[in-house]
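Peer 1: Residue-level listing of the chains:
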Amino acid sequence: MSHRQMHRQAQLPKEQYDLLREIMQVGFVVVELQLYLDTHPNDRQALRLYNESAMCYHRLIMEYQRKYGMLMAHSPDGTEEWRWIGSPWPWEINYR
Amino acid sequence: MWVYEKRLEYPVRVERTDLRMAKYLFAQYGGPDSELSAAVRYLNQRYTIPTNRAKGLLTDIGTEEMAHWEIIGTMIYKLTQGAPVEELEKAGLGAHFVEHDRALFPHDAAGVPWTAAYIQAHGDPIADLHEDMASEQKARVTYEHLIRMTDDPGIIDTLRFLREREVVHFQRFGEALNYVHEYMESRKYY
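Residue numbers (the working numbering), protein chains in the order written: chain Z, 1 to 96; chain F, 1 to 190.
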């Protein structure tokens, strides 16, 4: 197999890509608030925002995983096939 | 432990194969101020740092740095995929091809392999947090240099995101340092 054949470029369907982008956006909010709370543990407004964002994040992850297979390792995958290795890897996705 | 999420923290849009830029990006893949150095530095320092705030921060920023290392790896992969050997050689990646083909390897922009000598851990929270703050500034300026080397809007967008993260991490480490000072004064360590 030549090196060209080994390279994969995956174009995700629009609906799937849009959901992935939303997960990336909300996931970033969660990361940013987590770091902020590490040095501002008594900021109750930030904690409330963190909890809201984290709940939203997990809702989106569950929705994505129901439709397209596992995004987070160690999640249940209720289908008959092992979709973890079948879906494109992060470095193969064609971002747009 | 860690759990892998099969996604990037931030998208990597690449307009075209650009081997020259890929070579420069190795600075942040395996150079002194690379994302790899940052991840190993923080995740290694956290065991002996005295405050829970700093332990949390080193754990969480160290984890985010691994996600940044993945973003840089993705950029290099996308910029080099399908490139013919002659083009790699013309872009100064001939030596890389001889030793690694098109596989990634943690070396800097000049091909010097990554070494743990780039990082430190003194077991002293003041010294360690100052090192961490300095490393964020060094990574920030490296990103600014990288941004000057390309006109690809997708690459610039991702590099600007990574640059901004260095600024935020610097801020958070500074806050952790102030708290360590308070903590040490309350313990009358000196």
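Hints were generated in silico from the structure; no laboratory data involved. Careful, some of the hints might be misleading.
Said to hold, decoys possible - In the DSS-like style, the derived pairs of lysine-lysine whose C-alpha atoms are separated by at most 30 angstroms in a straight line are:
{"id": "1", "chain 1": "F", "residue 1": "LYS138", "chain 2": "F", "residue 2": "LYS55"}
{"id": "2", "chain 1": "F", "residue 1": "LYS55", "chain 2": "F", "residue 2": "LYS6"}
{"id": "3", "chain 1": "F", "residue 1": "LYS6", "chain 2": "Z", "residue 2": "LYS67"}
{"id": "4", "chain 1": "Z", "residue 1": "LYS14", "chain 2": "F", "residue 2": "LYS6"}
{"id": "5", "chain 1": "Z", "residue 1": "LYS67", "chain 2": "Z", "residue 2": "LYS14"}
Peer 1: Does each hint fit the structure? Answer for all of them.
Peer 2: Hint check:
{"no.": "1", "hint": "F:LYS138 - F:LYS55", "verdict": "holds (22 angstroms)"}
{"no.": "2", "hint": "F:LYS55 - F:LYS6", "verdict": "holds (26 angstroms)"}
{"no.": "3", "hint": "F:LYS6 - Z:LYS67", "verdict": "holds (15 angstroms)"}
{"no.": "4", "hint": "Z:LYS14 - F:LYS6", "verdict": "holds (18 angstroms)"}
{"no.": "5", "hint": "Z:LYS67 - Z:LYS14", "verdict": "holds (13 angstroms)"}
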